[in-house]
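Please model the complete structure; the sequences and the hints are all you need to start from.
As a plain string of letters, each chain reads:
There are 2 protein chains.
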Amino acid sequence: MGSIENFMELSISELKEHDQRLQEKYNGYKSQNLNLDMSRGKPCQEQLDLSNGLLDSLKSNEDYRGMDGTDYRNYGGLDGIPEAKELFSQVLEVSTKEIIIGGNSSLNMMYDTIARAMLHGVYRSESPWGKLPVVKFLCPSPGYDRHFAICELFNIEMITIDMLSSGPDMDMIEKLVSEDDSIKGIWCVPKYSNPDGITYSDQTVERLAQMKTKATDFRIFWDNAYTVHHLTEHEDQLKDIFTACKSAGNPHRVFMFSSTSKITFPGSGVAMMAASEENLDFIRRQLSIQTIGPDKINQLRHVRFLKDMNHLKKHMEKHAEIIKPKFEIVLNKLESELGSKNIASWNKPNGGYFISLNTLNGCARDIVNMAAEVGVKLTQAGATYPYGKDPRDRNIRIAPTFPSMAELEKAIEVLCLCVQLVSIKKILAEKE
Amino acid sequence: MGSIENFMELSISELKEHDQRLQEKYNGYKSQNLNLDMSRGKPCQEQLDLSNGLLDSLKSNEDYRGMDGTDYRNYGGLDGIPEAKELFSQVLEVSTKEIIIGGNSSLNMMYDTIARAMLHGVYRSESPWGKLPVVKFLCPSPGYDRHFAICELFNIEMITIDMLSSGPDMDMIEKLVSEDDSIKGIWCVPKYSNPDGITYSDQTVERLAQMKTKATDFRIFWDNAYTVHHLTEHEDQLKDIFTACKSAGNPHRVFMFSSTSKITFPGSGVAMMAASEENLDFIRRQLSIQTIGPDKINQLRHVRFLKDMNHLKKHMEKHAEIIKPKFEIVLNKLESELGSKNIASWNKPNGGYFISLNTLNGCARDIVNMAAEVGVKLTQAGATYPYGKDPRDRNIRIAPTFPSMAELEKAIEVLCLCVQLVSIKKILAEKE
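Here the protein sequences come in this chain order: A and B.
Numbering-wise, the working numbering puts 248 at position 237 of the first sequence, and it's gapless, one number per residue.
Numbering-wise, the working numbering puts 17 at position 6 of the second sequence, and it's gapless, one number per residue.
Source of the hints: derived by calculation from the structure; they are not laboratory data.
One thing to keep in mind: the hints can contain errors.
Chain copies aren't distinguished; within one or between two, either way the pair holds.
[Said to hold, decoys possible] No more than 27 Å apart at the CA atoms, straight line, and that leaves these computed lysine-lysine pairs for DSSO-like:
{"#": "1", "residue 1": "250", "residue 2": "421"}
{"#": "2", "residue 1": "359", "residue 2": "400"}
{"#": "3", "residue 1": "250", "residue 2": "70"}
{"#": "4", "residue 1": "329", "residue 2": "70"}
{"#": "5", "residue 1": "186", "residue 2": "250"}
{"#": "6", "residue 1": "344", "residue 2": "329"}
{"#": "7", "residue 1": "388", "residue 2": "36"}
{"#": "8", "residue 1": "70", "residue 2": "318"}
Since this is a predicted model, take the numbers as computed values, not measurements.
Next up, the structure:
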């Protein structure tokens with residue numbers, strides 16, 4: 012393909028000539044009947060195999076008692092077993108009194124937290140959120156589509172906030188929350204964010220903790236999904252928002268969530284939630300109506316298997332060993348195919364599960380469709396924005412963990428081809 | 012104590028004399044520092060031991076794939092694994108398309124079902140229930156306190172319906188539902204009911220299926236918690252309400268719930284819900300926002316351990332062997348202490364988890380308090396009625412499964428003593 016450089020500097024005829032060569036290549040893929048799926052942020056089989064020990068981690072079939080002799084097979088234990096609180100409070104850097112250990116899904120815990128707030132408000136709310144004429148949430152975007160789907164289900168109005176390299180646009184956030192008391196919350200994936208891989212700067216965390224909110228019951232939904240999910244030796248450090256909020260006099264501002272879904276088994280992990288003791292007391296009152304308690308045996312399995320923070324960190328290094336090469340294939344391919352062409356940019360995350368690709372404005376949807384036509388499935392364009400609408404139609408989320416290396420290489424080749432084809436079309440349309 | 016017979020035929024002086032003897036005996040218990048708990052409908056350790064095989068039921072730590080090769084460790088499978096649907100659809104006598112397999116708590120499934128109905132209504136609702144000025148539920152009572160607690164949390168007005176020996180008072184129910192379209196549902200524990208141990212008659216089931224309801228989106232919450240929980244060789248037969256509703260032209264009327272909480276482990280079981288395909292489709296749309304899926308590995312564990320209906324039935328016979336003697340101790344003691352005194356009546360259930368004791372009107376609360384004072388904890392009086400208020404203050408729920416035989420014997424002795432003391436006080440007050 013020669014050494015095509017900056018597309019913006021090519022003449023119309025050069026662009027057309029290049030387009031023809033790319034089109035031939037694209038037609039070649041059509042005949043290959045590809046069936047590649049790059050859409051799912053799922054661990055691959057090799058990663059899951061790392062946790063097979065979880066399946067027989069109980070020392071015997073008589074290993075079902077807690078430290079204090081409690082029989083974990085029976086009813087009870089509304090908010091999790093002490094052993095799990097001990098371990099996971101270290102992961103989330105909170106005290107054992109500030110954590111609840113739940114079932115297998117942190118998404119479900121977030122959903123329930125919103126549902127409870129709609130029904131009863133949160134600690135010290137003047138009214139259930141559902142009784143208010145309008146409830147709004149701030150949604151740093153691109154972000155996690157399932158957060159946005161929860162808001163949509165509960166009719167919570169979403170306000171898109173731009174993501175900067177330091178995290179969400181704090182100037183915008185501070186302005187909005189200080190003026191509008193119907194803004195009750197914000198969704199954050201503060202470390203190795205989905206999909207940008209950005210870790211919020213210390214200043215961003217501080218500003219979130221300190222900002223004045225017109226709503227007295229404003230809550231930060233801090234989805235710390237990737238807190239121990241490093242990819243490289245350069246581990247991002249996230250400032251502790253709990254302490255920051257306490258220091259700022261806003262001790263009840265944060266609901267923190269996490270899970271072992273991408274530590275052990277995505278379907279059979281353990282989810283957790285951290286918040287101030289007052290927040291948790293308020294939540295437990297409703298939780299006690301909802302359920303008699305989570306699966307304590309699975310919590311015990313996790314404690315037996317993960318052991319302690321040190322062991323957990325070593326376990327996460329094994330994950331990184333498996334998926335780092337996959338991220339590298341994607342990044343190398345993006346660099347070699349698109350690196351100097353001035354038609355796309357992307358992040359190089361130090362952790363997490365995604366690579367976020369930004370194309371020229373107005374191109375993402377066409378690129379995703381074009382890739383799909385030759386059998387390469389990408390996350391739907393727009394999915395990373397509230398209501399599925401990317402205002403610049405430019406963001407594509409790449410999930411490198413699940414496919415094999417060979418599949419990845421092929422899929423990214425196709426993606427890069429489609430990025431070029433759609434970009435040329437757009438540049439030509441603007442030139443003509 | 013001699014052969015005291017019918018209290019109603021004793022003279023004042025005979026009653027007072029008897030009262031003094033009983034009071035001395037009661038004072039004797041005071042010094043024994045008892046600490047007995049009869050309040051919890053929990054399986055005992057020997058029962059839990061029956062299912063220890065569940066802890067290592069996966070054939071190896073490579074046994075995590077479904078029939079079609081699906082890796083159950085990973086995300087996915089919103090409504091349960093096919094193997095579990097296959098097994099538990101037989102337990103609930105529905106098709107595999109009419110069942111959803113969830114997490115560890117059927118209470119949570121019921122809670123979620125009510126929560127979803129409040130937010131979005133049910134299939135073919137004209138409005139979310141939560142948007143209506145008032146929503147009412149029929150509550151056959153005595154009943155299960157946790158059902159009533161859910162209604163209370165969601166501000167659903169509860170109407171108490173008397174329980175007859177054939178099930179809830181259908182004359183009353185038919186009248187109410189035909190007149191009031193704010194009555195959206197009814198809670199039923201149709202087999203070995205909590206706490207009466209009553210199984211609804213065929214006619215009751217038919218009438219529930221056929222009755223005309225003014226609310227077009229009326230639902231029966233059919234908590235089939237004890238469907239395979241027989242105590243004796245005389246197994247009650249419950250008519251299949253699903254088929255009855257279909258025949259009656261009301262195929263969407265039933266939400267059925269059950270779980271393995273009292274088959275395997277109460278804290279780590281598998282919950283399920285059955286309903287028409289249209290109902291389930293409607294539910295799945297919201298469920299897909301709430302969670303990515305239940306713990307499929309635990310579902311697989313259950314299928315491996317319980318194997319098939321035949322094996323499951325044999326497993327339940329072992330439960331019965333353990334708890335039948337406990338029910339007998341209670342029943343024998345009630346008979347020998349209260350049998351002919353005309354101050355209390357009770358059921359002799361063929362299955363389930365409770366014995367329901369009815370005292371003279373206005374006595375239950377005092378009896379429970381009096382027993383508590385000497386260290387015998389019973390379920391709070393009133394708990395079996397909506398809002399915790401037994402209109403006749405007479406129902407006491409006895410949960411025989413958890414305590415040891417020796418504890419049970421002692422606790423029922425104390426209970427019978429308190430029943431007599433409080434009854435004498437009441438009879439004397441009426442005579443004087």
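Hints, one by one, checked against the model:
Taking the shortest alpha-carbon separations for residue 250 and residue 421, neither the intra-copy value of 38 Å nor the inter-copy value of 58 Å comes in at or below 27 Å. In this assembly of identical chains, the alpha carbons of residue 359 and residue 400 lie at most 27 Å apart only when taken from the same copy (24 Å versus 63 Å across copies). For the identical chains of this complex, residue 250 and residue 70 are neighbours neither inside a copy (37 Å) nor across copies (44 Å), given an alpha-carbon limit of 27 Å. Proximity of residue 329 to residue 70 under the C-alpha cut-off of 27 Å is found in both arrangements, the shortest distances being 23 Å within a copy and 26 Å between copies.
Within a single copy, residue 186 and residue 250 get their C-alpha atoms as close as 23 Å, which meets the 27 Å cut-off; across copies the closest is 63 Å, which misses it. Taking the shortest Cα distances, residue 344 and residue 329 sit within 27 Å of each other inside one copy (24 Å), while across copies they are farther apart (62 Å). In this homomeric assembly, residue 388 and residue 36 come within 27 Å of each other (Cα to Cα) only inside a single copy, at 18 Å, whereas the closest approach across copies is 79 Å. Within a single copy, residue 70 and residue 318 get their C-alpha atoms as close as 13 Å, and across copies as close as 24 Å, so both meet the 27 Å cut-off.
This entry does not satisfy hints 1 and 3, going by the numbered hints stated previously.
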